[in-house]
Amino acid sequence: MDRRTFIKAAAGVGVLSATGGVAAPAIAQRAGARVLRFVPQADLANFDPIWNTQYVVRNAAALVWDTLYGFDDKLQPRRQMVESEETSSDGLVWTFRLRPGLKFHDGERVLAKDVVASLARWQARDNMGLMTKEIQQELSPVDDRTFRWVLKKPYPKLLVALGKVGTPSCFMMPARIAATDPFKPIGEYIGSGPMRFVREEWVPGARAVFERFSDYVPRQEPQSWLSGGKRMLLDRIEWIVMADPGTASAALQNGEVDWWETPMADLVPVLKKNRNVMVDIADPLGNIGSFRMNHLHPPFNDVRARRAILTAMSQEDYMRAVVGDDDALWKPLPGFFTPGTSLYSEEGGEILKGPRRLDAAKRLLAESGYSGQPVTCVVAQDLPITKAQGEVTADLLRRLGMNVDFAAVDWGTNAARRAQKSPPGQGGWQMFHTWHAGAVCIDPSSYTAIRANGDKAWFGWPTSAKVESEITSWYAARSLDEEKAAIARLNKAAFEDVVYAPTGFFLAYQAWRKAVGGIVKGPLPFFWGVSKAA
Amino acid sequence: MLSYIIRRIVATVPVMVVVALFVFSLLYIAPGDPAAVIAGDQATPDDVARIRMSLGLDRPFLIRFGEWFWQILHGDLGTSIFTNLPVAALIAQRAEPTLSLMAVTLTLAVCVAVPIGVVAAWRADTLIDRVIMAFAVLGFSVPVFVVGYLLAYVFALELDWLPVQGYTPISEGLWPWFQNLILPAVALGCVYIALIARITRATMLEVLQQDYIRTARAKGVGQTGILFVHALKNAAVPIVTVIGIGVALLIGGAVVTETVFAIPGIGRLTVDAILRRDYPVIQGIVLMFSFLYVLVNLAIDLLYTVLDPRIRY
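Listed in order, the protein sequences are those of chains A and B. By my numbering, the letter at position 167 of the first sequence is numbered 167, and the numbering carries on one by one without gaps. By my numbering, the letter at position 232 of the second sequence is numbered 1232, and the numbering carries on one by one without gaps.
Misleading hints may appear alongside valid ones.
Here are the computed lysine to aspartate or glutamate pairs in the EDC-like style, where the Cα-Cα straight-line distance is at most 20 angstroms [unchecked claim]:
1. K113(A) to E86(A)
2. K272(A) to E256(A)
3. K273(A) to E1158(B)
4. K421(A) to D1058(B)
Pulled from the structure, derived: some chain B residues nowhere near chain A, Cβ distances all over 12 angstroms [unchecked claim]:
5. M1001
6. I1006
7. F1069
8. T1079
9. T1107
10. D1211
11. A1216
12. F1228
13. V1237
14. I1245
15. E1258
16. S1290
17. L1295
18. L1298
19. I1300
20. Y1304
Stretch by stretch, here's where chain A covers chain B in the computed footprint (C-beta under 8 angstroms, at least three residues) [to be verified]:
21. 1031-1041
22. 1128-1140
23. 1158-1172
24. 1259-1272
Bear in mind the hints are in silico, worked out from the structure with no lab data behind them. Quick caveat: nothing in here was measured; it's all calculated off a predicted structure. Each residue gets a CB set at the ideal place from its N, CA and C atoms; glycine is no exception.
Sequences and hints are given; from them, build the entire structure.
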């Protein structure tokens, strides 16, 4: 062997060892196949699902913290941590018994006192939690596995509250962690879910790691969304945050990641062409676009001005701006609730149907007293969905002869500004855009944007006694027919008073490598049942 | 010399105080509210107000500034509003990728830019010179993210030679570490190479006209010796100055590069903190980078004395 041959050989071995190019043992390959690399919709910057109600936090929390009940794909709450429940005949006393063998990730048993403390923290932050707190007489542990909830009046939607998908979901934590002020973040991330959070590998803004919790005992029933047996076929899940969609797309095509939660619509055609990548609808419940008007200030403090918007707006314009030319991704929505779900109604939605009537809208605007004053439209530019909707709105308002003050901001500024009740000229606003997850809009339980209780309502502060009355009717309903009737009346009232203007219903894709199996459509990424071939 | 270094380090204190006050004031008047971002889209205005209160964001400017400044004096950069982790820990977590990226970029840039700048000066007004300068103009003109996407497309996606994204710590091996940095460093280094190459060429052109170069030629010194021993050493002071100024350029460019290549560095941390209005993190990063920049300038000043013995402090 001469000098050159020796150097080449040595360099070759060095490079191969450094890159892992030497064939890895079979065990190592199998282990690699049980690691899933997932690109989430956003960064997991904080990990307290009660304090921070962002969806990305809830999605990660569903791996780590378990719930008493969980929604299945029929949108029904099913027992999860609970083994059984009993209700008194008057509906005032609920007694719950926990499943045996439940353990937290620190090895401690899950006790009724942990559940009681977790419920108390959740109640302070959740709309339905607050309602239960108001009518609560007692919530206390009976023994290690049993707790009792005594109410002052019946609350038929209690199990919905405990299992709902909307944030904040009712996650169970050890009592010492749940004792944290609900308006301050927790510092320990111990749950009893199927995966444990590897805090030492957490790099906020870049990476979050979850490892299989070997002591987790899944239920025996088949898995269905947040209910049933959450069987983990993966040992480790790595969430890799990618702010740039182009990079995420390239990484998926290159096999550097396995599953991308929210591919940008523009990049989907490229992904569909790749034979190693699968693309499908992510969440069949989709999203509802929202054009939110401020009911406190002119011109939208007059219902005629708000109706003018509904009369003139074209949902097709909005949806094409949001999702592009893919007709499979959107449909018109003459309603406020999620299409395809049992309570969906189009009652009162005629105003959004048929040809758009600009002249009629102009007349309504004139009747409302609008005469060319500037209207501030706050548009978050860093979110493609709000940006697209804002641009369509600006065009619509100009065609209606309105004087648009287009405030292009980032989402952080938008979030702060929409909370301002002051007049638009003094830091306030007249319009902003957002969207609501379809999973939230299936009923009024988590749907804060449909509320119309004035000062306490969501941004825009609509007031409508009819809307509020029908929400109360829905809570009191004891059968599906009663619920449907209440929602139909609520839908009609929400259109009459124009709580907000729905801009349409849209879906989004998810994409994954073909080596990954078991991915289901749902309101959040479900990792149980997901496997990865070697 | 030692007293000069001490004087310069002491002089950084008022600079840092001014930076601290400036950054804090700027963030105070900037629009946005971290409480609203934390509360999420479904939160009610009441929830947002309660969170704002619990974070202490409803207190007057002077009290908040006083508290923060007192923490800084005690070496504590505070706690991130979002992650609930110490700012120092967050920065430490992200420092290695950014410093690695900057070091590789700087090395690459100097190793490429100085020789091509020298060659361009040596072959001034020839085709070689024009080609090099055309590349320099291109390097200046094409944005970092465009170069980044093109490199990722060709070398990662098409040729599958290098990874598209991510960072491997140096503790996991030199090659995996370097492999992840090649494309980002080339993308980030383009502007820097162009800048240094142009300055090197301009300075070398001036030096090559000097009498001592003619004397060296007359003494029979070879072309390489003239260019790289006699001329380059005398042209070094402006080049080193530009390299120092370029560190600020690198810091700015790292933000974009880290986003394009999903590198978990300080640049990404900065952008995320700004978008969320995570004030303690933004303040901590700006302070740290200001300090770093002051130190780089000090190092450059000291390097002058090595390169040019006539300079004394």
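Verification of the supplied hints:
The hinted pair formed by K113(A) and E86(A) meets the criterion: a straight-line CA distance of about 18 angstroms does not exceed 20 angstroms. Restraint check: the Cα-Cα separation between K272(A) and E256(A) comes to about 17 angstroms, which is no more than 20 angstroms; the hinted pair holds. Of the supplied pair hints, the one linking K273(A) and E1158(B) holds, its CA atoms being roughly 14 angstroms apart against a limit of 20 angstroms. For the given pair, K421(A) sits about 17 angstroms from D1058(B) by alpha-carbon distance, which is consistent with the 20 angstroms threshold.
Non-interface status of M1001(B) relative to chain A is upheld: no Cβ of that chain comes within 12 angstroms, the nearest being about 41 angstroms off. No beta-carbon of chain A is positioned within 12 angstroms of the beta-carbon of I1006(B); the least distance is around 37 angstroms. At roughly 23 angstroms from the closest C-beta of chain A, the C-beta of F1069(B) stays outside 12 angstroms, upholding its exclusion from the interface. A beta-carbon of chain A is positioned within 12 angstroms of the beta-carbon of T1079(B); the least distance is around 10 angstroms.
The claim that T1107(B) lies off the interface holds: its Cβ sits roughly 19 angstroms from the closest Cβ of chain A, which is beyond the 12 angstroms cut-off. Once the 12 angstroms rule is applied to beta carbons, D1211(B) is consistent with being away from chain A; the minimum gap is 46 angstroms. With a least CB separation of 37 angstroms from chain A, A1216(B) remains clear of the 12 angstroms interface cut-off, as annotated. Every Cβ of chain A is farther than 12 angstroms from the Cβ of F1228(B); the closest lies at roughly 27 angstroms, confirming the non-interface assignment.
Once the 12 angstroms rule is applied to beta carbons, V1237(B) is consistent with being away from chain A; the minimum gap is 39 angstroms. Distance check for I1245(B) against chain A: the nearest CB is about 28 angstroms away, which clears 12 angstroms, and the non-interface claim stands. With 12 angstroms as the threshold on Cβ separation, the claim that E1258(B) sits away from chain A is violated: the shortest Cβ distance comes to roughly 9 angstroms. Here S1290(B) stays apart from chain A, with its beta-carbon at least about 22 angstroms from theirs, past the 12 angstroms limit.
The Cβ of L1295(B) lies farther than 12 angstroms from every Cβ of chain A, with a closest approach of about 26 angstroms, so its non-interface assignment holds. Every CB of chain A lies more than 12 angstroms from the CB of L1298(B), the least distance being 31 angstroms, so the non-interface label holds. The beta carbon of I1300(B) is kept farther than 12 angstroms from every beta carbon of chain A, the shortest such distance being approximately 31 angstroms. Its beta-carbon lying about 38 angstroms from the closest one in chain A, Y1304(B) satisfies the requirement of being farther than 12 angstroms from that chain.
Beta-carbon proximity to chain A at under 8 angstroms applies to 10 residues in the segment 1031-1041 of chain B; the threshold of 3 is reached and the given coverage holds. Note: the segment 1128-1140 of chain B has 0 residues with beta-carbon separation from chain A under 8 angstroms; the three-residue rule is not met and the coverage is violated. With a cut-off of 8 angstroms between beta carbons, the segment 1158-1172 of chain B has 5 residues touching chain A; three or more are needed, and the interface restraint holds. Requiring three or more residues with a Cβ within less than 8 angstroms of a Cβ of chain A, the coverage given for the segment 1259-1272 of chain B holds, as 9 such residues are present.
Taken one by one, the earlier hints fail for this structure at numbers 8, 15, 22, listed in ascending order.
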